[in-house]
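Just so you know, the numbering used here puts 618 at position 573 of the sequence shown, and the rest follows in order with no gaps.
Treat the hints loosely; a few may be bogus.
Okay, derived cross-link-like pairs now, DSS-like style, lysine-lysine, Cα gap no bigger than 30 Å in a straight line [unchecked claim]:
1. K133 x K405
2. K91 x K133
3. K473 x K573
4. K217 x K91
5. K146 x K133
6. K96 x K217
7. K274 x K96
8. K118 x K496
9. K279 x K140
10. K596 x K556
11. K529 x K191
12. K473 x K436
13. K191 x K146
14. K91 x K596
15. K573 x K556
16. K217 x K133
Computed spacing ranges between beta-carbons, pair by pair [as the list claims (entries may be wrong)]:
17. Y380 x S493: 15 to 23 Å
18. Y225 x I147: 16 to 24 Å
19. D94 x K553: 45 to 53 Å
20. Q420 x A587: 54 to 62 Å
21. G264 x A379: 49 to 57 Å
22. K529 x R177: 39 to 47 Å
23. Y225 x H462: 29 to 37 Å
24. G154 x R341: 51 to 59 Å
25. C384 x R177: 53 to 61 Å
26. Q420 x E190: 36 to 44 Å
The set of hints was computed from the structure by calculation and includes no laboratory data.
Positions of the beta carbon are idealized from the N, C-alpha and C atoms, including for glycine.
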Amino acid sequence: MGFDAILDESMNSLSLSALAAPRQRLDTDASLGSDLEGPVMPPLGKMIDGKRILTLDGYSLTVSDLVDCHDGKCHIVLDNASRHRIMKARTFLEKCAAEHKIVYGITTGFGTFSNVQIGPNDIRQLQLNLIRSHATGYGDALSPEKTRMLLALRINVLAKGHSGISVQNVDKLVAAFNAYAVPYVPEQGTVGCSGDLCPLAHLALGLLGEGRMWSPITGWDDAATVLAKNGLTKLELGPKEGLALINGTQMVTALGALAVKRAEQIAKQADVVAALTLDVLKGTTRAFDAKIHRVRPHKGQNDVAQRLRALLHSELNPSEIAESHRNCGRVQDAYTLRCVPQVHGVVHETVTFVKGILTKELNSATDNPLIFPDQEEIISGGNFHGEYPAKALDFLAIGVHELAQMSERRLERLVNHELSGLPTFLTKYGGLNSGLMTVQLCAASLVSENKVLCHPASADSIPTSCNQEDHVSMGGFAARKALKVVEHVEAVLSMELIAACQALEFLKPLKSTTTLQKVYDLVRTVFKPLEEDRYMQPEIQAVIQLMRENKIWETVAPFLGRMADLESDFPDVLRQNTGSPTAALPQEADAITCCRHPDTGPDTYAH
46 MGFDAILDES MNSLSLSALA APRQRLDTDA SLGSDLEGPV MPPLGKMIDG
96 KRILTLDGYS LTVSDLVDCH DGKCHIVLDN ASRHRIMKAR TFLEKCAAEH
146 KIVYGITTGF GTFSNVQIGP NDIRQLQLNL IRSHATGYGD ALSPEKTRML
196 LALRINVLAK GHSGISVQNV DKLVAAFNAY AVPYVPEQGT VGCSGDLCPL
246 AHLALGLLGE GRMWSPITGW DDAATVLAKN GLTKLELGPK EGLALINGTQ
296 MVTALGALAV KRAEQIAKQA DVVAALTLDV LKGTTRAFDA KIHRVRPHKG
346 QNDVAQRLRA LLHSELNPSE IAESHRNCGR VQDAYTLRCV PQVHGVVHET
396 VTFVKGILTK ELNSATDNPL IFPDQEEIIS GGNFHGEYPA KALDFLAIGV
446 HELAQMSERR LERLVNHELS GLPTFLTKYG GLNSGLMTVQ LCAASLVSEN
496 KVLCHPASAD SIPTSCNQED HVSMGGFAAR KALKVVEHVE AVLSMELIAA
546 CQALEFLKPL KSTTTLQKVY DLVRTVFKPL EEDRYMQPEI QAVIQLMREN
596 KIWETVAPFL GRMADLESDF PDVLRQNTGS PTAALPQEAD AITCCRHPDT
646 GPDTYAH
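With these hints in hand, go ahead and build the complete structure from the sequences.
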């Protein structure tokens, strides 16, 4: 097939929403099978009550799977091999308990009380006391959706077969998940070491029939009532089962999985928003030339540059706006436009790194002690320490924050007449109307809040439990604030997108590229052009929701995939074909090699 035919086929396929990218099951760079012992289970491809079956085996849970649990898309089943491992570990543990061996958390107290031996008649009461005494959280309750993630993740960890819980109690956890019946879990109270003891104790408490629970058919009610009305049976705790339920990093990891999934989506959409802003500001695409990025071969940077080349003006995807300033003499743009590949690129790589850490944590045995029935050993260790996810999520917050920092500065350029050449605050009748004045103000406030939230929680540690637990991760706070940073980034980028679409109104009848016009059309389904001042907050929230649902990316993704294939086969396919700053500079302009700024003298150079 010749280039012209490929070009025609690609342009005819710009009905982007009709195409769907295939779902990628694994969320890490490499297969989990290469990093983790045990099988990687394929999806069953079956549905129950409109929900896909998610088989939990302790080895193959992905970030996307866990977020699907948040979204109510999954019906959980326990893998048969996992059932066998759980039973094997439980049999060995009960043998040890019957022999009155001294084992931490089974025949001893906890923490500082680990030197206190517990008699045979009290070992069951010990586990119940543990749950009741540790359910001391503070603050707002996690949403039922987030608590479902917490419950699903705890089931997956137990499925590894090293915790010593009975298979009967795991089945009760699965039944509660599938009934959408979840306990009240306060979001504060964990220091992220010895596991997320406090929130997980609340999770277990409700399933014991104490405290409060929520379900679709009851709303919030006392736990015993919710269990009964959903046909669920409360947990009955034997030796170590209380400890098996609360010792682990599931709070930080579950919230972290939600944060990294949303960060992954917003990072891709940030590239699209930046492209639209650059086009309406009549910027240059020269800085995205593949030759520049090949000599600095960071993957994220090169991926973003390729994405921008595909979205912006080219022979295949022309922009009337770009054509309108063919020979304007402008050499280069501000850093928030010119350096998008370099800044956004490292954010993409940060997200990938953090996702890899969390995916391993999703499939890790993180309680203490751990049971190894084949070796007939019960070993105390420190897998409960939350430093891995805590550090990773602090890194995620620092990385993704840069997207908002760049976005807010581009938003300022859009609403500032001196920088854009467009009406101040993008309103026709400034003075009578204020336009997008406080949209930029709101974005600035969120960026400033993020600067505080980016302080690493894991840089702090405070001794607990009579100095027995003398170093902690503060992972719970790291996860909560990482999620808050991501939420702010979603909002700031949405505000930039609103402004970029409003800027297009003042450039009509000129149009952007076909792909970016489709983004404009999508935004206009929820946010109409701003002809005069009106109450905008619900419309702003609607654009934020488009971002959260990944609709901006879904609008352009099929086309970007085709363009990437075409650029690989035809290296010149995305060559910008004007003599403007959107492409090569005019032949007579020696600034093409010296980057001379047009507004300065002949011996002065732009930075």
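If any of the earlier hints don't hold here, list their numbers in rising order.
Hint check: 8, 12, 13, 18, 22 and 23 fail, others pass.
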